[in-house]
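Take these sequences, add in the hints, and give me the full structure.
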Amino acid sequence: MAETAISHGHDVGHGAHSSTGLSNNKLGMWMFLGSECLLFGGLISTYMLYKGRVNVGPQPDQIFDIPFTSVSSFILLMSSLTMVLAVSSAQRKDERNMNLWLVVTALLGATFVGGQVYEFTSFYREGLGFTTSLFGSSFYTLTGFHGVHVSVGIIMLMALVGMNRNKRIPGDRAEVVELIGLYWHFVDIVWIIIFTLVYLIPS
Amino acid sequence: MKKMIDQFGESMKTARRWRNASKAAIAVSALSFVASCGRDAPQDTWQPAGPNAERIDNLQRPVFYVAGVVGVIVFAAVAWSMYRYRDRGQAIPEQTHGKPAVEIVLTVIPVLILLGVAIPTASTIFKLAETSDTEMTINVTGQQWWWEYDYPAVGSNIEQYGITAPIVTAGQLVIPENTKVLLRVTSRDVIHSYWIPKLNGKKDSVPGRVHLLRMEGSKPGIYAGQCTEFCGLSHAYMRMEAVVLSRADYDKWVANQLEEYTVPEIGTDAAAGESVFIQQCSRCHQVNGLKNSDGSLNIAAPEQNLVSGAAPNLTNLMTRNTFAGASWDLLTPECRDNVWNASSADFGERYLAGVSTECLNQKDLREWLRNAPAKKPMYADPTKLASTGGLYRGMPDLGLTEDQINVIVAYLLERK
Amino acid sequence: MTIIDRPSTDVAIAGGAPAGVKPSEALGVFKRPAASTSWRDWVVTVDHKKLGIMYGVTAFFFFIVGGVEALLIRLQLISPDGKVLNADQYNQMFTMHATTMVFLFVMPMAAAFANYFVPLQIGARDVAFPRLNAFGFWCFLFGGLFLNSSWFLGGGADGGWFMYAPNSSTLFSPSHGIDFWTLGLQITGIASLTGAINLIVTVLNMRAPGMKMMRMPIFTWMVLVTQFLLLFAIPVITVALFLLTFQRSFDATFFDVASGADPLLWQHLFWIFGHPEVYIMILPSFGIISEVLPVFSKKPLFGYPIVAMSGAAIGFVGWGVWAHHMFASGLGPVSVTVFSMATMAIAVPTGVKIVNWVMTMWGGKLSFTVPMLFAIALVVQFTIGGLSGVTHAVAPSDTQQTDTYYIVAHFHYVLFGGAVFGLFSGFYYWWPKMFRRQLNDALGKWNFWLMLIGMNLTFGPMHILGLQGQPRRMGVWTEGRAGEGFFNFGFWNRVASIGSFVLGIGVLMFLVNVLYTHKSKKVAISPLDPWDARTLEWMTHNPPQEHNFDTIPTVGHLDEFFHRKYETDSLTHSVKQVHSAEEVMAELNAHPDEHIHMPSRSYWPILLAMSLPVIGYGLIYNRMLMAVGVSLVLLTMFGWSMEPSTSPDDDFDPPAPGEGGGHTKELSPLG
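Residue numbers (this note's numbering), protein chains in the order written: chain H, 1 to 203; chain Y, 1 to 416; chain C, 1 to 671.
Note that these hints are calculated values from the structure, not bench results. Nothing here was measured: the structure is a model prediction, and the numbers come from that model. Hints are supplied without guarantee of correctness; some may be wrong.
Stated by the list, open to error - No more than 16 Å apart at the CA atoms, straight line, and that leaves these computed lysine to aspartate or glutamate pairs for EDC-like:
1. C:K365 - Y:D87
2. Y:K375 - Y:D397
3. C:K576 - Y:E94
4. Y:K384 - C:D88
In structure tokens, the structure reads:
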């Protein structure tokens, strides 16, 4: 895609020529993640402003189940590790292991999202709805946005595995895996921040 | 190029030239200066009538002059280069990419100018925020689309000014001359902004927050203002007036506000008006001391009818000169001029006279009573209140008959 | 407007039929669209130049829409107690006027120039992500149409473009106008974000050999700064818009004061976006006139590094001044002081730019062409706007001025006198590059003078009106507050209203000029280098072929093109022309590049963008429709990711007949 437009005849080699040395795709992904920082920044600020504002319904410390969320956070953290293994397999052109680690990463991610769904339903049963209080609205919005990001990552991982089976990954396979890896790590790091600010630091 | 550096250098060095330059600049900035001399401009931001506005004025005038000087220099440089360096067949100029010395000088100059502006700005900000020497406190509450004034019976309000019971009014803020009044500004629905240009800058009234705004008038008179934060449909009709009274007149005003309710004489139009008022108006509008036919006190319940939960208190309506968010005068134009154009000495007496039968602006008041939402845009169509759960935003059309309007006007004329 | 000549390839000769597409490339639902010269090609194009023109045409359409809204506003205010519009219509009118002008005219018009000229100025063949670029344009178009469809579906948004909470909640604004507003801006926000990523990567990564950052044309520099501002500002407004949508559509409590919400949250989020937004609008125009002034002064830009760096400084400090929109909002004196000082600080790099423009003209050889006139007018009018800006950086004085017509005057001098004049300067300057013809000079001067006079008649009196205390956003003004004498509201409101029509006629003259230039047989084809320009985009054909340059030049200087045409005597510093533009081009193209490989057309960008408003309508009217929209988005995204970004058939060598080359290895699903 990108490189095609800058192939100057004499150096057609893909991705070889770029002014920064990074490929367009990778640079683009970094820019996108930079923008995402501000998105989560805005959501986290909203939550921090509103976390203590509960007129009706439960307070944060009444419903948070720290051990449970710690486990699911640990699972998400582990998925970053398996993602690293997937990227390194892709770079070694070790297709079998790459597929394996991608699937494991997606499964760990899915476990995390499942945990989040469970957590949401149990909070809801304990009286914290989306419209109950400012805490409820901002909590579900922040963690929901993060959950959607993880889910999008899972879809990308599974699509990658599927496309790889049919030999249909367009472009440089190792780079595509690396790009999705960047995204995945970013989403993990955001969770570490959310987990610390939302769950661990008491309101 | 060299010429320009010299010019700048010289004008920096030679005080005489500098004075000439500022003379020219003052001539140009005269436009904005003359703007401040418009006769009888009720909301002129350049005619302070109290120490807070004066403080702002003392800061902004020099800033405007400096801005004018800078502007003239830039325009002159543009005009000169357009004239001097127009294409007259001269050779292609040297391809100079800039001269660091010139650039540094021309960066340092604006930095110095801005530093000169910044220091007095900072000190003025803090002076205007000073509230520790407050002599009187008034709660000001904005709602769609009028202002309520609540003079609480607390502290110095009681001790110094005899406000022994809370006074609640609307439309006109009444304050004593040369008194440091602190407004505690808030809102009951959306964000509004309180602004009496001749007394002080504006301050937003935000629901859930109380903002402090100092008001002080140094001369008796009426000072106009307008809500300046967009607040929905009828934003243009949310006005206010601040009335400054001499201390003696202020005491009379307070005493009058605290007077007992006067029951209309039996058999008069006003008495008939009272019962229509109880049926039609007192659901929302409070008149202190008004009694129902069974002798119980009539208490308005605007929170059951209005989104903001408040309607103007009409106990002493005819002591103020305006109604409907200060959008219309209660006085005929002649009577209004009589008050507005009064000298400082006469003002208090004329203002305290209130609205007499002869002076009443019958036209606008009757139009208002006939169909309020037709006169001022409001969300008062009973069929379109789904989003508010049936609550009005503003006064609905009450479908009053002409007879009812006659007696209500008669009743209201006694509310002073 | 099929003005661009595509180099004819075998596929094009086949008459637009997708016959040349091998089934193996059509991995998605659709066969790959092939090249053609019909209107269809505009739908599937990924060419940055065509997209630039489409951005421009669409933005100009919205400029006229926003202009008509402005004229209605001025008609309403021409006399006291105006009856042209009722209160509700007036509130919609000023909300949509601002929204349209900011989001649907100035921003995308700057995007039009950026799309067309940034790749040309840095010697690239296209942008980094061509399909993403097309997607961005379609998001802008459909987002804008979606937003404006509210006019026909119960009325536009009525909360002001700043949409302060809680006035924007359903309780206070029960119509769907604000829903259209939030969702429409989300969609155009996607356009801005993808455009930002695309242009940043293009500028950072795809410069021609030798084109160091400090050799880039200043327009490209300003676009780069702008895109970084967008990259970080758009997500903030995205969050704010999401919160508002959740509040209005799903009863979230973010701005519900009864639940304890703080309405200032919206103000902070909005202005953290909103102030960088101001620089997003003005910096591209600064870039344009920083190209135009040197060309028509026959001198390089004075202090190029300082102008570039001050642009970056504005972009940086611009993040620390948002609360100067909130001096009356009830921030404490400490915050007010900090933001007041920061706002004054940003005046310094801005002032530096003005100084450098004046110094560029100083000592030059000035020719007063239409683009030059617009550029000089920008310098003067922006100075006025900048100086009035300093008067309200002084926070206490701002508490008298904010939300009055003085502010309206200020930002129209900055945005109309600044941004819009810069864009018009760009129209006249680059028209021959884009369309092979120079716009008529006489009509152009009418255009310029009418706009200049109209603009000053319209917005000049607003300084007086504001200082006299006329507040903004009011459907009526009253005699009771108008004052008497020469400076009363009545006279100056009338002047402003009349001025707005002069301004309208001035803008109309531009359209007349375009029609005349392209319809009249008398207008000759422009020479290759009509202005004796200095930068790379002029070193190729008018208009450039799809691949921009037959040979990518190697850059050795700032103002490379000028350096190839002129020589400076090292002793006398005198400058003389040694080559004509044609000679420079002939020399450059003596050995054209081979195997130029251009990105291929695609249906997916427009299809994906079209699915987004479906979600919008669904959210407002019917949740089933929303589900349909979401499915469409997922399907088109899947189709997109399965499509290689180039098909081998689009490979060609410019002078020689095409050779099939299989450079599809470097494809990825992203672009």
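Results for each hint:
The suggested pairing of K365 of chain C with D87 of chain Y holds, with an alpha-carbon distance near 5 Å, which does not exceed 16 Å. For the suggested pair K375 of chain Y and D397 of chain Y, the alpha carbons sit about 10 Å apart, so the restraint of at most 16 Å is met. Taking the CA atoms of K576 of chain C and E94 of chain Y, the gap is about 10 Å. The hint holds against a cut of 16 Å. Of the pairs offered as hints, the one joining K384 of chain Y and D88 of chain C holds, with about 14 Å between alpha carbons and a cut-off of 16 Å not exceeded.
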